[in-house]
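Undergrad: Same order as they appear, the protein sequences are chains A and B.
Residues in the first sequence are numbered consecutively from 1, following this note's numbering.
Residues in the second sequence are numbered consecutively from 1, following this note's numbering.
These aren't lab readings, by the way, just hints derived from the structure by calculation.
Incorrect hints may appear among the rest.
To be clear about the criterion: a stretch of chain A counts as covered by chain B if any three or more of its residues have a C-beta under 8 angstroms from a C-beta of chain B, and this derived list gives those stretches [stated by the list, open to error]:
1. 20-31
2. 37-45
3. 106-114
Cβ coordinates follow ideal geometry from the N, Cα and C atoms, glycine included.
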Amino acid sequence: KAGVTQTPRYLIKTRGQQVTLSCSPISGHRSVSWYQQTPGQGLQFLFEYFSETQRNKGNFPGRFSGRQFSNSRSEMNVSTLELGDSALYLCASSLAQDRGAPLHFGNGTRLTVT
Amino acid sequence: QKEVEQNSGPLSVPEGAIASLNCTYSDRGSQSFFWYRQYSGKSPELIMSIYSNGDKEDGRFTAQLNKASQYVSLLIRDSQPSDSATYLCAVKSRAGNNRKLIWGLGTSLAVNP
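Given these sequences and hints, build the entire structure.
TA: Right, here's the structure in full:
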């Protein structure tokens with residue numbers, strides 16, 4: 001079974017630009033979460049989608065948005081990029097939203113904003 | 001006070017020893033607790049989940065939960081160099097529409113041959 005696939009693996013953008021990241025979950029997984037990981041802040045929750053509906057949202061500005069499609073694939077968009085947005089963006093899928101469902105992470109997208 | 005706290009380390013143990021990793025959390029109503037391992041340059045992967053007070057064992061790993069004291073720990077017996085990684089503690093907040101995982105910053109573990 002294929003794992004969680006994130007594209008692209010690396011991105012270099014300049015301040016003010018926007019970026020779209022893509023995530024394909026494990027087949028059959030309907031829950032997709034997005035995280036930002038930086039050395040200083042660790043893993044920060046961005047949002048979670050389940051069956052095309054945003055179920056939870058972290059404390060990020062409105063420049064960060066996402067969506068989920070009917071096939072459970074998800075995209076994350078960041079507009080008006082800032083230097084502080086440079087981070088590893090991780091997508092994770094899980095079978096369900098229940099307490100026991102483990103998260104399966106993709107390899108991440110490394111975003112560098114110059 | 002951070003919601004989930006871990007010692008950043010590095011924690012250094014000799015091969016074959018027991019490594020003890022600790023995590024404290026602030027939300028007394030938290031219900032689900034997870035330990036993830038992250039190798040350098042890789043994504044986190046789940047090692048253990050625990051929901052009830054007490055110990056849960058899986059191979060060389062034991063998770064311990066004490067809700068009264070609001071801490072969860074991970075013991076790694078017979079530590080191997082391949083266990084060298086960052087260990088992330090994650091806590092799921094209480095039931096409701098806003099349940100989400102809160103993550104610690106991780107403890108770096110180095111197992112020396």
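Undergrad: Three residues or more, CB to CB closer than 8 angstroms: is that satisfied between the region 106-114 of chain A and chain B?
TA: holds (count 3)
Undergrad: According to a criterion of three or more residues whose C-beta lies within less than 8 angstroms of a C-beta of chain B, is the region 37-45 of chain A covered?
TA: holds (count 5)
Undergrad: Examine the region 20-31 of chain A: at least three residues should have C-beta closer than 8 angstroms to a C-beta of chain B.
TA: violated (count 0)
Going through the hint list in order, the structure does not satisfy hint 1, though it satisfies all others.
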